[in-house]
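Take the sequences, apply the hints, and build the full model.
Each chain is listed here by its residues.
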Amino acid sequence: MFNVVLRTVCDPALAEEITQESFLRAWQAIGQFRGGSVRGWLMRIAINRSYDALRSRKRRPSASLDALDYEPVPAWSSQAAPSEQPEAFTMRGELSVALEQMLARLPDDQRTALLLVDLQGLAYNEAAGIMGVANGTIKSRISRALATLRDELLANPESAELFRADLRQSDEEMSQ
Amino acid sequence: MQHLDPETISSYIDGELSTEEIAQVETHLASCQQCQQERRELLAVSRMIREVPVYQPRISALVKDRPAKLPAGVVARFIRPLAVAAIVILAAVTGLVVISEIIDPEPGGTDDERSSSQSVADVPGPAASDDEAPMTTLQEAQQDAPASGQLAVATEEAGDNGNGAPSIAREIRIALYVALGAIIAGAAVWLNVQRTRRA
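Protein chains in written order, with our numbering: chain A, 1 to 176; chain B, 1 to 199.
Derived by calculation from the structure, the hints in this document are not laboratory data.
No false leads were mixed into what you were given.
If you anchor each label on the Cβ, the simulated ranges turn out as follows:
id : chain 1 : residue 1 : chain 2 : residue 2 : range
1  : B       : R50       : A       : E158      : 20 to 26 Å
2  : A       : E94       : B       : E20       : 36 to 42 Å
3  : B       : R50       : A       : T90       : 14 to 20 Å
4  : B       : L191      : A       : I30       : 18 to 24 Å
5  : B       : C32       : A       : S56       : 43 to 49 Å
6  : B       : L29       : A       : A29       : 43 to 49 Å
7  : B       : Q36       : A       : D109      : 26 to 32 Å
From the derived model, a few chain A residues whose C-beta atoms are all more than 12 Å from chain B:
id : residue
8  : V38
9  : N48
10 : R55
11 : S56
12 : R105
13 : G132
These numbers come from a predicted model, not from an experiment.
Cβ coordinates follow ideal geometry from the N, Cα and C atoms, glycine included.
In structure tokens form, the structure reads like this:
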């Protein structure tokens with residue numbers, strides 16, 4: 001939840017506050033829980049609270065995730081295969097940083113849908129329930145978000161080179 | 001040739017298509033380089049999203065100085081009925097014990113001693129009648145320990161009301177039970193005051 005909120009508000013302190021408040025609100029409103037997925041219910045509270053915060057702030061903050069006072073735990077570092085070359089490992093890290101910056105520029109609704117499905121691993125119908133939209137809306141938001149990110153990665157020569165190298169690496173892994 | 005639309009490709013990547021749709025998509029992909037390339041690129045982006053760094057909130061941010069307050073719904077639905085039930089049960093048990101103490105004063109000797117005497121009397125055979133027979137363990141215990149039954153008889157003979165020291169202990173017990181009852185009543189009153197204040 002914290003990672004979705006953090007990437008929505010782009011403010012670590014605010015993300016921490018929203019995460020904590022979401023749990024407190026859920027606890028205080030436990031009587032209103034109608035069953036179903038607790039994770040989805042908590043996530044909906046957190047996302048609504050994040051959107052409220054964004055609306056009240058009117059504009060996105062200047063802080064970027066690069067300037068966070070956090071010790072990130074990159075998933076790619078733990079998922080790297082033992083046989084992976086150091087160059088490939090470094091390339092994945094650089095691509096990840098570039099992707100974070102592009103992710104922050106996506107429209108809020110597209111980014112949230114993408115994070116819920118790809119980062120949190122939710123099904124389309126779960127994400128639709130959390131965001132209060134139809135399944136088809138989630139489908140089109142994710143499709144547009146993926147296409148936008150791909151286009152941005154290819155538009156920048158440096159990230160395009162990294163992206164193509166990553167594609168070649170994936171092809172080699174698939175063929176082995 | 002009609003190419004796959006981007007939504008179908010992203011749904012295919014996310015595993016959101018039916019078996020029939022998957023078969024159609026794979027048939028098309030097998031013969032269309034352009035859609036294959038589209039799928040490769042979108043799949044790579046999707047994989048990268050899953051691999052973005054995971055951040056942990058600071059521990060200090062998770063524990064703020066907030067009063068740990070139970071929501072009103074939980075108190076009303078679970079805590080208060082349980083507290084009332086506990087008080088009622090405690091009050092009932094205390095009342096029963098006090099009444100039993102008053103109505104049925106402790107007779108001379110304990111239940112254990114009475115039952116052990118009964119047990120020895122019931123033992124058939126030579127051990128019960130033959131003086132030369134070795135003593136049973138119970139008999140030895142009876143002889144070693146001063147029987148409070150005898151003490152009760154002695155005090156009764158002295159004109160006491162059944163027993164001396166046990167009578168004092170019984171009064172202390174009754175006092176303790178009354179004190180416990182007062183505490184329970186106090187708790188009930190306090191609970192009621194709290195409820196009135198909330199209302």
